[in-house]
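Novice: The primary structure of each chain is shown beneath.
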Amino acid sequence: AQTVTQSQPEMSVQEAETVTLSCTYDTSENNYYLFWYKQPPSRQMILVIRQEAYKQQNATENRFSVNFQKAAKSFSLKISDSQLGDTAMYFCAFMKHNAGNMLTFGGGTRLMVKP
Amino acid sequence: DTGVSQDPRHKITKRGQNVTFRCDPISEHNRLYWYRQTLGQGPEFLTYFQNEAQLEKSRLLSDRFSAERPKGSFSTLEIQRTEQGDSAMYLCASSLAVGSSGNTIYFGEGSWLTVV
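Chains as they are written, first to last, in the numbering used here: chain Y, -17 to 97; chain D, 61 to 176.
In isolation and in its complexed conformation, chain Y is listed as follows (with noise of 0.2 angstroms):
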């Protein structure tokens, strides 16, 4: 079984500076993919940014970016230039190769950032 660590409960950053979110998981896959979610307060699940564990590129998506660490088992998210509206909780997740794209998370980050 997968198991994915989250190991910040809480973060605060602010406006316009960039901070790091933590990610471990654990896996003997080697074919998979990462994900990180962002969960506004009240608000429905969004894809923030996806990786997958055969390219050895860091995904970027504008203001967010990764590093991936496979031997590691590490992945975590940069924001920078962080904005009020990325104030939320933000999921780690795992999903293997070939397994009906079911998702593993981990326990979460929430993120304040401060005006």
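Since the hints were made in silico from the structure, they are not lab data.
Keep in mind the model is a prediction, meaning the values are calculated, not measured.
Idealized CB from N, CA, C, for every residue including glycine.
Check each hint, because a few of them may be wrong.
Listed next, the in silico DSS-like pairs over lysine-lysine satisfying Cα-Cα at most 30 angstroms (straight line) [what the hints assert, rightly or not]: (1) D:Lys117 to Y:Lys78; (2) D:Lys117 to Y:Lys55; (3) Y:Lys60 to Y:Lys78; (4) Y:Lys78 to D:Lys74.
Negatives, chain D to chain Y, calculated, CB over 12 angstroms [stated by the list, open to error]: (5) Gly63; (6) Thr73; (7) Ser87.
Fit chain D to the supplied structure of chain Y, relying on the hints for placement.
Specialist: Chain D only, in chain Y's frame:
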């Protein structure tokens, strides 16, 4: 484009009552998932369908829980004889089944259940 919609958004029920949640996935999506999320925790997988076939069920899905997707479109999740431990948000999600895997999963806003 309508996303994943869930109904009702909130439900308060007395212990022992039955409740049913409905999920309408994104129209062209053939995979549909149910997750449960308790306060301050990440979602936990319950079950998923590909078209009308229920392909996987978590051990979390006790015999009081039943999910259906009769025509491969909308799905229902019924909880019988509710217990206080069932209080949680029930998330529905959908995706395409294209290629092998790794397709983006889209979530609904969830149905909050409070059992009193």
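Novice: Going through the earlier hints one by one, which of them does the structure break, listed in rising order?
Specialist: 4, 5
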